[in-house]
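**Q** Sequence:
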Amino acid sequence: MTPFEGRAAGKVILLGEHAVVYGVPGIAAGIERGARAQAEVRQVEDGVPPSSAASTLTLGGQTYRPGDGSDLGRAFAALLDDQPAIATLMDVTAEAELPPGGGLGCSAALGVAIARAALAADGRPAVDNTDASVISRAQRWEDVFHGNASGIDAAAAAVGACLRFERGKGTTPLAAPIDLWLAVGYSGSSASTKEMVGGIAKLKDRKPDLHQKFLDGVESLVKNAILAIQAGDALALGRFMDMNQMLLAGVFLSTEAIEAMCRVARESGALGVKLTGSGGGGSVIALGGASDPGATGTEAEHTAQRVRDAWAKEGYSAFVTRIAAGGASAIEKSQ
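Residue numbers for the sequence shown follow our numbering, so the first one is 1 and each next one is one higher.
To be clear, the hints were calculated from the coordinates, so they are not data collected in a lab.
Fair warning: there could be bad hints in the mix.
[Said to hold, decoys possible] As a list, the in silico BS3-like pairs of lysine-lysine whose alpha-carbon atoms are at most 27 Å apart: (1) K194 / K169; (2) K169 / K213; (3) K204 / K223; (4) K204 / K169; (5) K207 / K223; (6) K194 / K207; (7) K213 / K202; (8) K223 / K213; (9) K194 / K213; (10) K169 / K202; (11) K169 / K223; (12) K194 / K204.
[What the hints assert, rightly or not] With beta-carbon atoms standing in for the labels, derived distance ranges: (13) A231 / A53: 50 to 60 Å; (14) A312 / T88: 44 to 54 Å; (15) A54 / D292: 51 to 61 Å; (16) R266 / T296: 35 to 45 Å; (17) Q83 / E195: 28 to 38 Å; (18) M246 / Q43: 56 to 66 Å; (19) E314 / G69: 35 to 45 Å.
The beta carbon of each residue, even a glycine, is placed where N, CA and C say it ideally should be.
From just these sequences and the hints, can you work out the full model?
**A** Now the structure itself:
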């Protein structure tokens with residue numbers, strides 16, 4: 001029997017990480033690198049022990065089951081049990097092209113890909129396999145690893161487009177008249193998203209005035225960045241990214257490596273550069289510029305490549321990606 005497949009995009013957060021947990025809008029975008037999963041329906045014969053009659057998830061060469069006590073087993077169970085529960089017995093294999101803890105939505109991409117494959121294997125009609133249903137299951141998966149996760153990673157992984165996200169209100173695609181070119185680099189270390197989110201929660205308790213100023217500043221930047229994206233103003237977007245990085249550093253989410261990467265990127269011509277994701281390590285994004293839709297070999301692409309090469313010279317792994325005009329889906333391009 002042909003396995004059922006699910007795919008998902010990786011993501012970058014252009015502006016708004018951490019603040020989205022507290023109701024501030026954020027801007028995310030899907031990228032070409034992501035995750036995929038395959039699900040095969042398993043038939044159980046009479047007399048098979050009940051312990052064997054459980055769906056499995058194979059990831060990184062290890063196999064997990066609901067109820068096995070592992071985080072992945074618990075996350076898999078949460079994804080399957082989201083109502084209406086998936087009861088079909090299946091074996092799921094998943095893989096990601098993203099570094100775990102890199103701030104590129106690795107776990108969310110896996111959750112979305114697994115949810116899509118599992119729903120397809122369960123024979124659900126299209127009405128039950130919508131982005132909203134997939135995001136709900138992926139969010140249950142995410143909560144096991146990240147606690148009070150904002151939901152923006154799962155939304156970006158499922159939708160694959162450039163989008164505005166607001167917790168409790170869902171996502172809105174952001175159509176841009178231009179392509180945006182980014183260099184994405186990994187700082188070489190990562191921190192627990194749950195711990196970083198918890199750190200901002202502690203800041204709210206200990207220094208509520210600073211916490212509120214952080215939220216107000218991010219909200220203003222996000223609103224203006226949305227206008228810049230819709231107007232195709234990459235120069236303004238870059239400035240807002242730089243200012244967002246200053247706010248993130250001000251609440252102790254940056255690191256020496258991240259700041260070094262920001263400096264190298266700016267010296268290489270980036271219009272704006274910031275950490276993406278939970279911080280404390282992870283990845284950095286640098287805006288090379290904008291180009292006409294579908295154009296290649298442009299100055300914006302070359303700038304992103306210069307940043308990538310400069311990072312590589314300093315020992316940081318990096319790649320170049322494009323956010324397509326009109327919110328074109330990275331998921332669609334991969335299929």
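**Q** To test your reading of the hints: which numbers does this structure violate?
**A** Violated: hint 16 alone.
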